[in-house]
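In case you want the letters, here they are:
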Amino acid sequence: MSDNFFDFGADALLLAGLNGKNWRLEDYVARGGYRALKKILANPGHWTSDQVIAEIKLSMLRGRGGAGFPTGMKWSFMPKDAPVKYIVCNADEGEPGTFKDRDLLRYNPHLVLEGMIIAGYAMGCRRGYMYVHGEIWEVYERCEEAVAEARMANLLGNHILGSSFSFDIFNHHGFGAYVCGEETSLLESLEGKKGRPRYKPPFPANVGLYGKPTTINNVETLANVPFIVDKGGQWFLDLNGTMAGGTKIFSISGDVARPGNYEFPLGIPFSKLLLKAGGMRDGLGLKAVIPGGSSAPVLPAAVMLETNLDYDSIAKAGSMMGSGAVIIMNETRCMVRSLLRLAEFYHEESCGQCTPCREGTGWLVRVLHRIEHGEGRAEDIDLLDDIARNISGRTICALGDAAAMPIRSFLKHFRDEFVYHIEHRSCQVADYV
Amino acid sequence: MSDEIMDKSDWLNLEINGQAVRMPPGSTVMEAAASLKIYIPHFCYHKKLSLAANCRMCLVEVEKIPKPVPACATVISEGMKVKTRGKTALAAQQAVMEFLLINHPLDCPICDQGGECQLQDLAFGYGKGTSQFSEEKRVVVGKDLGALVSAAEMSRCIQCTRCTRFAEEIGGAMELGMVNRGDRAEVVPFIGETYDSEISGNVIDLCPVGALTSKPFRYHARSWELIKRQSVSPHDALGSNLVMHVKRDKVVRVMPQYNETINECWLADRDRFSYEALNSETRLTKPLIKKDGKLIEAEWQEALPLAAARLKNIIEREGADALGALISPHATIEEIGLFTRLVRSLGCENIDSRLRQRDFSADDQLQEATWLGMPIVAVNDLRAMLFIGSFLRFDHPLLAVRVRQAAKRGAKISSLHAQRADWRLPITQEIITSPSQMAASLAQIVSAAQRATNKNKILPKVLRGIEPSPEATTIANDLLAHHEHAAIFVGTFAQQHENAFLLRGLAQLLAELTGATLGILPDAANSVGAQLLNARPKNGGLNARTMFEKARKAYIMFNVEFEDLAQGAQVAQAATQADCVVAFSAFYPQGNNAILPDIVLPITPFSETSGTLMNMEGRAQSFRAVIPPLGAARPGWQILVTLSRLFGQVIDEDTPEAVRVAFLPDDAAIHAHLSNTMEKIDIVLPPPIVLDQNTFERCAAIPAYSMDALVRRAASLQKTPLAAAPTLRIRTDDAEKMKLSVNHHVRIRSQGAASEKMALCIDDTLAKGTVRVDAAHDSTNMLVGVSGVITLEICHD
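Chains P and D, in that order, give the protein sequences. Those letters in the first sequence? Residues 18 to 450, per our numbering, in order. Those letters in the second sequence? Residues 12 to 808, per our numbering, in order.
Be aware that a few hints might be false.
As the list claims (entries may be wrong) - Counterexamples of contact, computed for chain D against chain P with all Cβ distances above 10 Å:
| hint | residue |
| --- | --- |
| 1 | Leu47 |
| 2 | Ala64 |
| 3 | Arg67 |
| 4 | Gly97 |
| 5 | Ile113 |
| 6 | Gly188 |
| 7 | Lys258 |
| 8 | Val263 |
| 9 | Pro437 |
| 10 | Gly551 |
| 11 | Gln584 |
| 12 | Tyr599 |
| 13 | Pro600 |
| 14 | Ala680 |
| 15 | Glu747 |
| 16 | Asn754 |
Said to hold, decoys possible - In silico DSS-like cross-links for lysine-lysine, where the CA-CA straight-line distance does not exceed 25 Å:
| hint | chain 1 | residue 1 | chain 2 | residue 2 |
| --- | --- | --- | --- | --- |
| 17 | D | Lys239 | P | Lys333 |
| 18 | D | Lys239 | D | Lys261 |
| 19 | P | Lys217 | D | Lys261 |
| 20 | D | Lys419 | P | Lys217 |
| 21 | P | Lys217 | D | Lys78 |
| 22 | P | Lys217 | D | Lys58 |
| 23 | P | Lys211 | D | Lys730 |
| 24 | P | Lys210 | D | Lys58 |
If you're looking for bench data, these hints aren't it; they were derived computationally from the structure. Every residue gets a Cβ at the ideal spot worked out from N, C-alpha and C, and that includes glycine.
Construct the complete structure from the given sequences, taking the supplied hints into account.
The following block contains the structure:
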């Protein structure tokens, strides 16, 4: 990915004014950073924790990690009277196609820290953890530097900026397990255990990190918080015409001319986004799009070109917003091979805890491998569908659903290619070189 | 609890498969179904383990919830409607079964679990006849978990994690774990390690498939060939309930009989695997008579009259006081009753069953039998416990399980010992001191309790003015804070200690000051029963120590071997010099220092006799023979009846029931005679021992697999690390004092006796000046007692 993502997106909020080098505290403050925090701490009588949460609720900010849960509501689940509570920033960005959190933390880390501090203030936490994906080491180091800067400036630590509010952030890095992006698995890993999702209930808001109430938010979600506090929830909601406020960073990858991170108000038409990304690479035709990261159902070009990129529109089109990773596939892409590649990922990353996902992901790979290599059988398509159906909705965490979703959508929209593969023992499309 | 007194007002109503049920809040669908006797298929769920909800076999439908939910982890709510066999539920269960089977080898015909396999059973109910899976199955390399648990066929594992949860939650250590992700996940021990827990065998029962099987049992029988009979474990004082699996008059396997109030659903490894000794080649099938220094097989008609005649002869010549009679505290009530009656009828008071004890100073005031001081289940509810001189994990493995669960719920556990406790549970406070100073440290706790309570109870003069250490104060405060749910337990090391009664006296004072219950942890399966039946000298008779210090002309030993006695070399000498030694034993004498009796009468072990054992809570548990006697061996009670008749006694009891009735008091009488309180407590604190360069204080355990004749001959148990020959364990600074290194071999000398040459290992968990050299082993059994001063000698050969 290129580093000059900051050229794109005139309506940018989170990525505005970044040049790749201006990530330090002084740069952030020059951009107006920590204004929201100072505003709160200067007037705690007005900015009670309830007031902060009310503002977030008003903004209709929805979680940017993939599930799209309303952030304000999530914060309000935290028990008020618990003496020890935690806020955890989920920077374990592992969803194939997604690379927005990496760049946010790399180029604008203090924005996320400020969001976390405000979140800590709103939920009455004294401690936050930043869990950084293990395969982006330089981002972990960047977070360490940023936290050190914030501590030096008394933006973290005891009595922040002379107020009665004390809060600190600790960075932690994983070792690259995709499943640790699942929030309870992340907590297990943070506690030093093997990253395996916990059975819910109890939910983290009641029993989270070290058994204490915990809220886990995505990097981009938290990055929006300072803007909401600074400019108001209504302003944030009005940034776009949809039912959810704010902008969204879209990580565009695949067969486009200029892949990278693009920030636009939610609701931008897909066709517009494609244009902004330079259109299709080499002028080839658009075949399919996975609009929300590898776990989101694939959609054919015709559907996508009519769709706006916001939570409700994408859902209506039959997929999901997910993490905002838009994977573009051109007309030469073999859908069998693409699905095999996806299935291999989920097979590799299944934690192995519960039966349907552990056994099912491996089975899917074997069947797809067979089809891809000209050994498919007529009954295999039904078998794939059957396996996927038997995984989804029956596992402890959403990884099982994530593994099943691509299978069912690929079969739904591109069944012909699978049939062709099985009948002709070869590929329908010429391989793109 | 009866229905009348239970408050059910907050219970919730729900419906399962149309049947209404009322359950307490917090119950799960699985529990509610169980109460209706509705079976929900499952693998990972186990009521004694944490919820994993990972097998997904128990998926059921709940009205208003779109997806099927796991019954094991779903908490009930008011008005809930559950269907366990609806279309959705059944489809989910069948799908899970299909997933479980795709990588399972389906090698049932050659699998040891075949016929008693949960996966096999449920596959019949939920599996399809054919498989849609045609690829190669996963292969998982077998693991070496040691001598007891076989993990040779780990391809069969369905990753339910029962074993890993057991190891961590019940065993207290993460000795097993899951490595790798996805379908590459596998159960492993630590690299290069085996699974060495003292309760490891339970994972065999827990494993729902044939991945973990019993190494000694596997391939010996099919489950349907086995006859299952109940029995009671004759090892430690818990009295675990057993199911003995018999094939053609041979015990081939032992499994737990579920008893929530005793062993729950667990067994210690020695309960489970000691059966191998029953079939050992060293079992006696005929009486033995010593001729020219050798034991020669003989007939009963010869041996029994000869035994009677020779004993009569000695009594006539030297008087009955020339006899010494010892009976194992592992013997049954019936055997002990007949034995003590016979010996006393001969006019002899030199009777004892406290074979490992050294201190008998308070014998004159012992009227009652000592015991746990409470029911076993009460340990679960204790909030504070002090253990004095206990090797808890190895002396009482399943009591340790209960203590561990209590600790998990926040109970404060403290220990006073010569070595840091390795109990695999969180210890709140420990005082580690040399054995001779344990009394002084205990006195500090007593003093701390006195200061905290300001009770006007007059402390013995010697205890006044003792300044308690902060640790002693913490322990006293913990006991006081939870006095209604606090206990002080005197362990086996403290009871076998040279100052056993001093420690007990101090423990009693502490209990009186704090309000804690005093418990004495019995060291054998029938220690409580033996005391109750007065298997100890009265009216000035000689005890287990003095009858060797003052050598007798003849000894009668019932199920007693050299390793069972604390008096070491003195025993060897007395037995050699005696005119006659009559032994009742199930086994041929073994070991370099074995006593070679003049006559050996072959008794049967617990599997081949009726009997009764009284456990640590004073509960008498009777059992019957599960197989007929081997060869000409006979139940001890029968031999004792016949021998008594040969002495001219009129014996009315001809059946095991009659013998039991004759000797076993009723429950009320038992409980009237259980007491840990001594009337008069003499406190004289011993002066500190001055050690020179090569002298140390000894601390010895009776290793778990040395405790009785059976476990000493259980082949597989003897292959485990817990049965390894004792080494000299010494602190770094003490080793430096003698310039010892781990390459040295040493010998221990004390009271004129010496140990064999042994290896040395550094162990900094010991108190300063203390070395650990375990007892009851061939290489150390000439040494006297479990504590005292020893001299260390470097072996240069």
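Right, here's what the structure says about each hint:
1. Leu47: 24 Å, holds
2. Ala64: Incorrect as stated: the minimum Cβ-Cβ distance to chain P is 4 Å, not above 10 Å.
3. Arg67: Violated: least Cβ distance 5 Å, not greater than 10 Å.
4. Gly97: At roughly 15 Å from the nearest Cβ of chain P, Gly97 (chain D) sits farther out than 10 Å, so the non-interface label holds.
5. Ile113: The claim is violated: Ile113 (chain D) sits with its nearest Cβ about 6 Å from chain P, within 10 Å.
6. Gly188: 8 Å, violated
7. Lys258: Its Cβ never comes within 10 Å of chain P, the nearest being 35 Å, so this holds.
8. Val263: At about 33 Å from chain P, Val263 (chain D) clears the 10 Å cut-off, so the statement holds.
9. Pro437: 16 Å, holds
10. Gly551: Non-interface label stands for Gly551 (chain D): nearest chain P Cβ at 62 Å, farther than 10 Å.
11. Gln584: Nearest chain P Cβ is 58 Å from Gln584 (chain D), so the label holds.
12. Tyr599: 51 Å, holds
13. Pro600: Holds: least Cβ distance 52 Å, greater than 10 Å.
14. Ala680: 49 Å, holds
15. Glu747: Per Cβ check, Glu747 (chain D) is outside 10 Å of chain P; nearest 36 Å; holds.
16. Asn754: 37 Å, holds
17. D:Lys239 to P:Lys333: Since the Cα atoms of Lys239 (chain D) and Lys333 (chain P) sit roughly 63 Å apart, the hinted pair is violated (cutoff 25 Å).
18. D:Lys239 to D:Lys261: 11 Å, holds
19. P:Lys217 to D:Lys261: Outside the cut-off at roughly 49 Å; violated.
20. D:Lys419 to P:Lys217: Measuring from Cα to Cα gives roughly 22 Å; hence the hint holds.
21. P:Lys217 to D:Lys78: Answer holds: Lys217 (chain P) to Lys78 (chain D) is near 14 Å, not above 25 Å.
22. P:Lys217 to D:Lys58: 19 Å, holds
23. P:Lys211 to D:Lys730: 33 Å, violated
24. P:Lys210 to D:Lys58: Between Lys210 (chain P) and Lys58 (chain D) the Cα gap is close to 23 Å, so the pair holds against 25 Å.
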